[in-house]
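Go by the hints and put chain B onto chain A.
Protein chains: 2
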Amino acid sequence: MSTINPMISSLFAELQQVAYLRSTLGLLGWDEQTFMPSGGAEHRANQSAQLAGLAHERATQPHVGEWLSQIEAELPRQPVDSVTAANLREARRKYDRATKLDQTLVEELSRCATLAQQAWVGAKKARNFGQFLPWLDKMVGLKRQEAQAVGSTSGVLYDALLDDYEPGATTAEIQAVFTALRRELVPLVAAIAEAPRRPDAAILTRSYPVETQQKFARAAAAAIGFDFDRGRLDTSAHPFCSGIGPGDCRLTTRYHEHHFPGAFFGVLHEAGHGIYEQGLAPDQFGLACGEAASLGIHESQSRMWENLVGRSRAFWEHFYPAAQQAFPGALQEISLDQFHFAINDVRPSWIRVEADEVTYNLHIMLRFDLEQALIRDDLQPADLPTAWNERFQEYFGMTPPDDALGCLQDVHWSAGLLGYFPTYALGNMYASQFFDRARTELGDLSTMFARGEFQPLKEWLNTQIHRHGLQYRASELVEKVTGQKLSAEPLLTHLRGRFSPLFGV
Amino acid sequence: MSTINPMISSLFAELQQVAYLRSTLGLLGWDEQTFMPSGGAEHRANQSAQLAGLAHERATQPHVGEWLSQIEAELPRQPVDSVTAANLREARRKYDRATKLDQTLVEELSRCATLAQQAWVGAKKARNFGQFLPWLDKMVGLKRQEAQAVGSTSGVLYDALLDDYEPGATTAEIQAVFTALRRELVPLVAAIAEAPRRPDAAILTRSYPVETQQKFARAAAAAIGFDFDRGRLDTSAHPFCSGIGPGDCRLTTRYHEHHFPGAFFGVLHEAGHGIYEQGLAPDQFGLACGEAASLGIHESQSRMWENLVGRSRAFWEHFYPAAQQAFPGALQEISLDQFHFAINDVRPSWIRVEADEVTYNLHIMLRFDLEQALIRDDLQPADLPTAWNERFQEYFGMTPPDDALGCLQDVHWSAGLLGYFPTYALGNMYASQFFDRARTELGDLSTMFARGEFQPLKEWLNTQIHRHGLQYRASELVEKVTGQKLSAEPLLTHLRGRFSPLFGV
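Protein sequences appear in the order of chains A and B.
So that you can map any letter, position 367 of the first sequence is 367 in our numbering, and since no number is skipped, the others follow by simple counting.
So that you can map any letter, position 285 of the second sequence is 285 in our numbering, and since no number is skipped, the others follow by simple counting.
This is chain A alone, in the form it adopts within the complex:
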């Protein structure tokens, strides 16, 4: 036969079968977090382990590798279209990654993650790092093994982990933009701390009835473009977005009567992820061009809707009258300016997930530095609390009173997610870069938002970003869309532009 197309079709059909298994695994996970009765936990663990095993087994079948090799050998003679080329490129990346890890290591990582998370929950509750230390030790060791097995073209061990979340990114380039960002953020945070004006943030902790919050947040998610015929919004202990598959994307949040921003901006954030998932090409399901470009790009979508749109004054010019009507007890006497200042309060705080837009990235850089050091073996897990606290003092000018408010606060390391943190800050930078470009192309977004018009931005994102999936890797995508490489400048410009006038600094 002179054509490689039938083999490509077989390969892609096989990858799609793997994706269906992963999609069902995703539904098991969603159900576990939302509706599963507590008594079903053990059975669910068995169901999930089975599907994870089947997916891994199917993805690493020798004939998948053989097909890939034969197709790659033919490619110089029979070039394929760029979508197919991208699907093949990423299929190779995933296949190599999956087959480089032997089954023992995969199982060891999975078991360690389960047990380490249990230990972490206990240690955090007891504010006792010592309880978690043996598990952190074990996990760092396993992740080093994983990184060694996978390898990286740069030779930097950490890059092998990063590549799983941000394909093609390197520590060196991230380090460069983070340094530029930190140089400006630390003095900005310090200046705001000394600012002459402060918002009355207490208005956000008045009584906001949960049922009304649910309706209000749902309406906002629909207004910005999340399609509830192809998705849901439910409640879970930890907010997340789970793209089950074409036509089915599920968001969750959590509500507290006395904290309005938590659920509301949480929903905008998850809806941003959801709009991305809903914008992926359904006919590319199971292939790279039907999946998100990277976690950083994913986060750029959630942070854009949460912060650049959702905390803008224009957004609230449209929504604030409805908010006052929904929550008359809390907001009747509060002006739009007071409210807008309150939702944009900036203050150094211990906990990343509660951090404001300005300090948030410092939380990420701290973790990025420390996890690199752990993987390089330059930092011993036992020394983590000291290293954390020293660096926290350096970035925020204060020292956590205990490890629960310090190095024990996040689930990531116990879950084996080393290399994941930087994608959050990358997301913030990409978001500003994309948003600037959208303004250039679409004109005055603020006027649109103030009129409740979010569709132009949403459709621009659909066209420019979502529909490509992982046809382009993150760094290429940002350059293709904005004409610029990854840069901290647009984010810094946004932060200065928003917070200097508010705080008078």
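These are computed hints drawn from the structure, not numbers from a lab.
Some clues are possibly wrong.
Have a look at the derived ranges for each label pair, beta carbon to beta carbon [what the hints assert, rightly or not]: (1) A41(A) <-> S154(B): 41 to 47 Å; (2) R89(B) <-> G53(A): 26 to 32 Å; (3) P62(B) <-> H63(A): 18 to 24 Å; (4) D229(A) <-> A219(B): 32 to 38 Å; (5) R111(B) <-> P76(A): 39 to 45 Å; (6) R183(B) <-> G53(A): 53 to 59 Å; (7) A219(B) <-> H258(A): 27 to 33 Å; (8) P456(B) <-> D229(A): 44 to 50 Å; (9) P62(B) <-> A73(A): 34 to 40 Å; (10) D229(B) <-> T447(A): 52 to 58 Å; (11) K480(A) <-> S10(B): 50 to 56 Å.
Idealized CB from N, CA, C, for every residue including glycine.
Chain B only, in chain A's frame:
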């Protein structure tokens, strides 16, 4: 090696893997009926088809059959305990059934069921049997093929279908008890139709706010013993109970503000199924002794809690004050006797699922007769409406005005569930047999119910029935528990005992 135990372990581990796949398939189905957004339907069909295929493939692997044969050959020399023997017996039954059907027929049946159900929905809506006829024709043909492929020891074709739902049951024995039952029921129905007293059934269609109905029904399900730490209750268009696996059993119902009994007795019914599922031995998951004995036995549990318990006067001696408090607008002025008579109204009606306890079984017998005739090829699908209406006149003394109220009312035939209907009436008979025995062993159940004590009955069912799973087939189980063979007498005694005093007949 001189022992067959390792091979039995391997076989059972394999069967358990099949059961995990089916369990996950069950969750996909539950989600589809409850929470899935409409846009997810096509993707869900693909997910489900994949898992159904994997489960079938795994269950019919040649080595499963080889293990079974080798184990069976060794059994005379190395007898196993009775639980293991039962698990092997049913593994053989399922393996034979699955492997006797070739892949083409299985796929054809699956596709025909999907399309025939669509056609049925349209035909029922249009009250036009002709639209459904070609699909019924095709389905009956396929089910005859299935029955021929499976075969039966009795030589009766219909038995091969029945065996899938009621292992070991035969048309002949069911026909015998049905005949006895019908002989008594037809005159009882006629007598009640002429009765001097009638209840005021309209009190049940007053306003019963849905949210209060939900709370009230949930509390009743919990009171009779459904464990909400190991289960849920949600809303769906068609009520069902789905046992996902150990520790996770899910009920659904539907609520109408102006029809109290629909949701309430629906929840008691599904909770009865759920209590059975929750009472199965978790360590037997995936094996016969961890699954329900038959659909008839399953239905005996749901009908017992719904009717024998839930429509008894003693039950409402306990619950009626709470009902009056929950629905003061509807029930404040209504006496317990009035309410109890209303929920026990008897009148011939067109629709099976809305039928009362007395007429219900006649609906079943009619279907049983007709589907046997279809499978025997004694009745042509085109003649179904006439046959239905003639028989309906004979049993109920009236003729359906159209086929939507006649032979088009149920989904079963379009879904390929021929052989399923008799299990509903078997369930009613088994329920009365078990209930009589429980009274003999536990003493005055009515006094217990009036005090809100349902645990003794529930635990008796757990011990006598649930924990055995399918260790004993239905006919053996009823004999083991009650000392009697399947019989219509206890049900008839119950019906006369309940309805003669109420209606004065």
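Against the structure, the hints come out as follows:
no.	hint	verdict
1	A41(A) <-> S154(B): 41 to 47 Å	holds (45 Å)
2	R89(B) <-> G53(A): 26 to 32 Å	holds (30 Å)
3	P62(B) <-> H63(A): 18 to 24 Å	holds (21 Å)
4	D229(A) <-> A219(B): 32 to 38 Å	holds (34 Å)
5	R111(B) <-> P76(A): 39 to 45 Å	holds (43 Å)
6	R183(B) <-> G53(A): 53 to 59 Å	holds (57 Å)
7	A219(B) <-> H258(A): 27 to 33 Å	holds (30 Å)
8	P456(B) <-> D229(A): 44 to 50 Å	holds (49 Å)
9	P62(B) <-> A73(A): 34 to 40 Å	holds (36 Å)
10	D229(B) <-> T447(A): 52 to 58 Å	holds (53 Å)
11	K480(A) <-> S10(B): 50 to 56 Å	holds (54 Å)
Violated hints: none; the structure is consistent with every hint.
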